[in-house]
Amino acid sequence: MRGADYIYLAATSLLEKRGRAIGAVLGVTVAVVALSMALGIGESFQQAFVEQLQRTIAANSIIVIGGAAGLTDADIAYYRSVPGVKGAYGISIAQGTVYTESGEQVVQLVAVDPAVLPEYLGVSDMSKALEEGEPEPRGLGVLVSHDLWQDPGTGRKTLEVGSTLTLRIRGGAVQLFTIGLLKQTGSSIMGHGFSTPTVFVDPEAYYSYLSSSRNYAAAIILVEDLSRLDRVVEEVRALSPLGSRVISAAAMVSQFVSMVGALQLFIALISAVGIGVTALWIFDSTAISVVQRTKEIGILKALGFTGSDVLLLFILESALLSLIGIAAGSLLSFAISLHARISAFGFDLRPLLTPHVLLVSTLLPLLANTLAAYVPARRAAALHPVEALRYE
Amino acid sequence: MSSEILLEDVWKIYGKPPNQVEAVRGVGLSVRKGEFLAVVGPSGSGKSTLLHLVGGLDKPTRGRIIVAGKEISSIRSDYELSRYRNEVVGFVFQLFYLVPRLKVIDNVALPLVKRGLPPPERRELALEALKLVGLEHAANKYPSQLSGGEQQRVAIARAIVGKPRVLLADEPTGNLDAANSKVVIDLFTKLNKELGVTVMMVTHNLELVWHCDRVARMHLGRIAEIYMPDRYEELLRTFVKK
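Respectively, the protein sequence lines represent chains A and B.
Position in the first sequence (first residue = 1) + 853 = this note's numbering.
Position in the second sequence (first residue = 1) + 675 = this note's numbering.
Mixed in with the good hints there might be a few duds.
[What the hints assert, rightly or not] Heads up, simulated SDA-like pairs for lysine to any residue below, C-alpha to C-alpha not over 20 Å straight-line:
#: 1; chain 1: B; residue 1: Lys734; chain 2: A; residue 2: Tyr1244
#: 2; chain 1: B; residue 1: Lys778; chain 2: A; residue 2: Tyr1244
#: 3; chain 1: B; residue 1: Lys708; chain 2: B; residue 2: Arg889
The set of hints was computed from the structure by calculation and includes no laboratory data.
Could you build the full structure based on these sequences and the hints that come with them?
This is the structure:
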């Protein structure tokens, strides 16, 4: 028997029971839209968050946040000795006050090697973070964060490149020069954001003029070979002082992806209720159809159709309904995804219909409906021809 | 002349002791190729069951059934038995059993659909069969648009479209008036005489036996007697008496 004939016979049957068929198609359409939207939003959230995370933390960097005692030069040297490590740099953070046109302001002083300043700021190179001036702090020349050189209230510039800045720290005062103005960025790898105005200072100048001891709040470790990242993380963890936290971009991303994956699965399960209801509808509709067409099954068998032919005909009916519903649902989802926007967790999310989302939201209803139709279709296939013909 | 249908000690028992019913009890019968056999008898005598056994719609409890040289009683696979029903026999039932949602031509072509014939070839053969029963003009109508007699002629066209060697008819005129019954039996006669199709017809309508070569009278699951045309008068008298 030709495939086209199976489809033709199944289609004529659907036309005959068009009321129930339309109901089932609508059910599948709604189920596909619900599932693809749920998965699409999840996908979009995951992608946006991972991008943000990757922007903030370079993939080849490992961050060590020192415990109460912080990190020493010896710790940094140990990190450098780990095979696969390209470099390790200490970061010192202190708090002070500066005087600008906006008045006295509490600032965070960050001393980080200019070589890893882009990693610290979560940019690929300094041109992406610099608004004006020099890209690296030098001597007493410092870079200042956006909310320090621009009044957040009025938007007026309170500092220019070349402006002097008086910093009070640990009871003393130091005259600094503004040589670079930074753009407004999201947050740094340290997670402190820039809610506190920040001044980036050359480490050498920091330890000469502002701090008597070389003690670091954190360290950035750059890994040479990403394939060795996990091993390097393990070794760094083993070398770090008690109470330290070792964070790698890859580990954070992977942890987050699995968290979002679980969330997506939960949302998908809720959306799958629609698929379950539609599958029940298909089961019921096929079961009714088998009873109503018992004599027809008998005559088909008398004419030479096998049990498998009958099985396939009923399953095809369900598959055709599902495919029509899937096509309609996918088109509707596509249309919705072009216009729908959801703001959540600081992201502007648009349902992302990735191949993975489309595959799951189309195959799942098809599979569920086929399975639902299989049970009554199997009963139809097993009908004895004489009993079917005599059925009243 | 060779046997087109051969039954040897065929039994069909339904249920299990002590509630079993012996619908067919040790029937032995031979139908020649090209013969027109009528099977008569009271309701419950096993006529339809015998026809279903010959048509491969049911399996005998024991005994051998050989049709067109093939022992169908030993076929176990659904595929083989379905193929036998599709290629060797054609069925005509009392209630026509047309598929209401399909056009007349599509109903007639159903056995050819199963054979996987391409649509143009199917259409040609179906039209040919419809022409033979005088209904080529109704090809694109639906069964509900036809009279009972016409529907039965469509069912006959469907039974013969695949050019079967054996035509099995179960009360083909049971639902028809006298005029339509005559049209139907004339068609069977034509198929039998002109195309050489072997016909086995179960009927209550004794007037039809005049068209048949032989009549087998069944009683309580057995063939009680075989009648040749010279004893048809006696058969009719006997049944009228009863």
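Hints, verified against the model:
1. B:Lys734 with A:Tyr1244: OK: lysine 734 of chain B and tyrosine 1244 of chain A at ~19 Å, within 20 Å.
2. B:Lys778 with A:Tyr1244: At roughly 24 Å apart (the allowed maximum being 20 Å), tyrosine 1244 of chain A and lysine 778 of chain B break the hint.
3. B:Lys708 with B:Arg889: Holds, at about 13 Å.
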